[in-house]
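Engineer: Spelled out, the chains give:
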Amino acid sequence: MTEREKAENILLAGVGGQGILKASDIICQAIMEAGWDVKKSEVHGMAQRGGSVTSHVRYGAKVFSPVTGKGEVNVLVSFELLEALRYIDYLNSNSKVILNDYRVNPPAVNLGNMKYPENVFELLQGKVAIVSIVSARSLAREAGSVRAENMVMVGALASWLPLERNIWYKVINEFFPPSLISINLRAFDLGYQAL
Amino acid sequence: MKALLSGNEAIARGAYEYGVRFGAGYPGTPSTEILEEFSRYDGVYAEWSPNEKVALEVGIGAALAGEMALVTMKHVGLNVAADPLFTVSYTGINGALVIVSADDPSMHSSQNEQDNRNYAKFAKIPMLEPADSEEARRFVKIAFEISKKHDTPVILRTTTRVSHSKGIVELEEPRPYEDNRIIKYDAAKYVMVPAMARIRRHEVEKRLKVLRDLADNFPENRIELADKKIGIITSGMCYNYAKSKFPDFSYLKCGMVYPLPVGLIRKFASQVEKIYVIEELDPFIEEQVKAIGIPVVGKEIFPYTGEFDPGIIYEAITGKKIATLTLPPEVALPPRPPNLCPGCPHRGLFYILGKLKVFVTGDIGCYTLAFMKPLEGLHSCICMGASIGMAHGMSKALGERGKGKVIGVIGDSTFLHSGITPLLNVAYNKGEALIIICDNRTTAMTGMQEHPGTGFTLQGASTKALSYEALGEVLGMDSVRVIDPYNLKETEEVIEEELNREGASLIISRRACVLYRREKTKQTPLWVEEEKCIGCGRCLDIGCPAISWVNFDDMPPGSYKKITKKQKGRAEIDPDACTGCSVCAQLCKTRAIIKRGD
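Protein chains in written order, with my numbering: chain E, 685 to 879; chain Z, 80 to 677.
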């Protein structure tokens, strides 16, 4: 009668305003429609104002906790380059990482007090199983709007998840107003093909 | 039908499914979405009250009229509502009353992490605690059921991780609304003068005895027996964390955290060898279990502070460290704290306040962030509404030494929440502190909720909009002035004049939040003319996220031009982020910041 958790752990990280919460809503909806149990967790309010934002997504046969413990993330999707480093303690040697090469300078860098770390890719490579880079900002621009950056990242993640592509299309169609659907579908496809 | 809902959405859904059609609250993370979501259901009356005390009193009134009322707030909101809370426990209710208290362990968006389970015990009110969205949906119904049956308010406690996590919920067909509204006179029950309160006091104890017996047979207090060597007593989100790591242990999961199921706890203790109590914040369950003579392991291994996660529980119980990757020690990560948005109207005001050598008592809102570098224009933050009373107290204490040196700053929604009485106090007691209302036309911090100054209700009806100017005058302020914080010169001049004026002064710093949909402030983005920027860095002093520093050392030689010999770099503006507020341009000595096309 003891129910056992069997779950995969995805961590989305980035900067407030990048559409991370919407992206994780879409990912969870698609996973639910594919028939899995799924939970997600994030923090609103103060954390939104341009600060670091994360969203935990956990899915599988049975999920208890909506948050992932440290060292247990299977896939880290970093919407901003250096944010991947901030959550390195959530990773282990088998983790996979998707990096958006887009940089948003933190205040200390803008003020000239600190340097933006130049070697994010190198710091992760070799420590984890895979590090893949996506130019989500420029792909989103190509799709029709930089605001679709989040859908490029969802597309990139989707290419690593065992879900039918049609489920993603269906969910994207339901999540956006008609005028924005085609841009977001294009952004998703560009991300999907990018890895 | 299945749906993916947050804990907050699930509470709204559960209440609606149960036939609840009346809700009141005040926005506060992590509780805000409950009432927003509830207000969208058909046939519902829902309001943002000016503060939590009013919201609870509105709920009590509705409940006395036979309605089932849902009242929502964050944990610290219950402090504001505590006065009616303790006495409605005596009167009981006629219809039903459920108060949601959304606690915030780890203070993701709060000034403290008080454990509101203590309020249940303190006010002798039963409390349920769901562990996920599906339980949130079901428990709110059970809470209303208990409220009706036992003539008591019931508190539903969530934590941030329950409120803001999403999970799969099984939606049920909503029950039709049952109209039980009535005007019922019952002075012995509802007029709490000492003679009658003394009688009701005994009723509270009788009710608690009944609820204690109920707790032992309450289906949501459940024993899950597995490995009998180790038993876990827990509730809420911690149950999920523990189950995630230790599926083989035995569990007593308490859906009702007050009163605790003493009989069930004794039974569980007789079935397992060693017991851990896993709970965030206070040893609320632990102390009560120990008080009945059952030895348990609790806060000697689990933290008192912050929220837990599966890893924290694993490490505490096993004593083992979870292996994680780390960065080389020489890598310094620039922190990314929350920041005022580009174009935020608070920026200009707090830039000026930071320059003046004054103590600024602050309050709760986005502008609290102005304490940080480089603005440093705010020097205290205690609770909603505290700034005005504190400024007055500080100025009175300092006397002559504090003349022109103390300013109290408060947001519009916060002012309406609990700033009016302290402002009255400034006028009444001949205060000298200058008070500034940062009127950004909305409740920005929690996500653009309406309030009595916006002219609209929660459900979108247009209504009266309070005039802060008129209010300031009738309260007795000697001077009331309005400034535009986008205009630095005017802002500085008016503040200095009012600081030096005898008597009680009120300034309204008025400019809509850049995210506010009704008053668009976005203008043409600005840019930095390379030929004019001397790299003085004055524009960086406002800490605008749209402005960044280009360090010449990091650039290939020949790709930049120095205007002065010593120049180390220049400023750059991100056109996607800039809203054209022009505060930075007003600071630029060489007029290098201009509108495109100028």
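These aren't lab readings, by the way, just hints derived from the structure by calculation.
Just so it is clear, the structure is predicted and the values come from calculations on it, not from any experiment.
Do not rely on the hints blindly, as some may be mistaken.
[Stated by the list, open to error] If you want a taste of the chain Z side facing chain E, the calculated C-beta under 8 Å gives, among others:
no. : residue
1   : His243
2   : Lys245
3   : Gly246
4   : Leu250
5   : Asp388
6   : Gly390
7   : Thr397
8   : Gly398
9   : Ala402
10  : Leu404
11  : Arg415
12  : Leu594
13  : Glu598
14  : Ser627
15  : Asp655
[What the hints assert, rightly or not] Simulated DEER-style distance windows between Cβ atoms:
no. : chain 1 : residue 1 : chain 2 : residue 2 : range
16  : E       : Ala718    : Z       : Val376    : 20 to 28 Å
17  : E       : Asn803    : Z       : Arg580    : 34 to 42 Å
18  : E       : Asn803    : Z       : Asp306    : 45 to 53 Å
19  : Z       : Ala544    : E       : Thr686    : 42 to 50 Å
20  : E       : Asn803    : Z       : Ala395    : 30 to 38 Å
21  : Z       : Ala402    : E       : Ala718    : 27 to 35 Å
22  : E       : Glu806    : Z       : Lys599    : 40 to 48 Å
23  : Z       : Gln350    : E       : Gly744    : 26 to 34 Å
24  : Z       : Leu412    : E       : Ala813    : 18 to 26 Å
25  : E       : Arg849    : Z       : Asp306    : 42 to 50 Å
26  : E       : Ala718    : Z       : Ala267    : 23 to 31 Å
[What the hints assert, rightly or not] Once the Cα atoms are required to be at most 20 Å apart in a straight line, the calculated SDA-like pairs of lysine to any residue come out as:
no. : chain 1 : residue 1 : chain 2 : residue 2
27  : Z       : Lys400    : E       : Gly755
28  : Z       : Lys228    : Z       : Pro298
29  : Z       : Lys81     : E       : Gly755
30  : E       : Lys811    : Z       : Lys647
31  : Z       : Lys647    : E       : Val793
32  : Z       : Lys647    : E       : Gly755
33  : E       : Lys799    : Z       : Glu409
Positions of the beta carbon are idealized from the N, C-alpha and C atoms, including for glycine.
Engineer: Does each hint hold? Answer for all of them.
Structural biologist: To see whether the hints hold, each was checked on the structure:
no.: 1; hint: His243; in the structure: holds (6 Å)
no.: 2; hint: Lys245; in the structure: holds (5 Å)
no.: 3; hint: Gly246; in the structure: holds (5 Å)
no.: 4; hint: Leu250; in the structure: violated (13 Å)
no.: 5; hint: Asp388; in the structure: holds (5 Å)
no.: 6; hint: Gly390; in the structure: holds (3 Å)
no.: 7; hint: Thr397; in the structure: violated (13 Å)
no.: 8; hint: Gly398; in the structure: violated (16 Å)
no.: 9; hint: Ala402; in the structure: holds (6 Å)
no.: 10; hint: Leu404; in the structure: holds (5 Å)
no.: 11; hint: Arg415; in the structure: holds (4 Å)
no.: 12; hint: Leu594; in the structure: violated (10 Å)
no.: 13; hint: Glu598; in the structure: violated (20 Å)
no.: 14; hint: Ser627; in the structure: holds (4 Å)
no.: 15; hint: Asp655; in the structure: holds (7 Å)
no.: 16; hint: E:Ala718 with Z:Val376: 20 to 28 Å; in the structure: violated (41 Å)
no.: 17; hint: E:Asn803 with Z:Arg580: 34 to 42 Å; in the structure: violated (57 Å)
no.: 18; hint: E:Asn803 with Z:Asp306: 45 to 53 Å; in the structure: holds (47 Å)
no.: 19; hint: Z:Ala544 with E:Thr686: 42 to 50 Å; in the structure: violated (58 Å)
no.: 20; hint: E:Asn803 with Z:Ala395: 30 to 38 Å; in the structure: holds (36 Å)
no.: 21; hint: Z:Ala402 with E:Ala718: 27 to 35 Å; in the structure: holds (31 Å)
no.: 22; hint: E:Glu806 with Z:Lys599: 40 to 48 Å; in the structure: holds (44 Å)
no.: 23; hint: Z:Gln350 with E:Gly744: 26 to 34 Å; in the structure: holds (30 Å)
no.: 24; hint: Z:Leu412 with E:Ala813: 18 to 26 Å; in the structure: holds (22 Å)
no.: 25; hint: E:Arg849 with Z:Asp306: 42 to 50 Å; in the structure: holds (43 Å)
no.: 26; hint: E:Ala718 with Z:Ala267: 23 to 31 Å; in the structure: violated (60 Å)
no.: 27; hint: Z:Lys400 with E:Gly755; in the structure: holds (10 Å)
no.: 28; hint: Z:Lys228 with Z:Pro298; in the structure: holds (16 Å)
no.: 29; hint: Z:Lys81 with E:Gly755; in the structure: violated (32 Å)
no.: 30; hint: E:Lys811 with Z:Lys647; in the structure: violated (37 Å)
no.: 31; hint: Z:Lys647 with E:Val793; in the structure: holds (15 Å)
no.: 32; hint: Z:Lys647 with E:Gly755; in the structure: violated (42 Å)
no.: 33; hint: E:Lys799 with Z:Glu409; in the structure: holds (12 Å)
Comparing the model with each earlier hint shows violations of hints 4, 7, 8, 12, 13, 16, 17, 19, 26, 29, 30 and 32; every other hint is respected.
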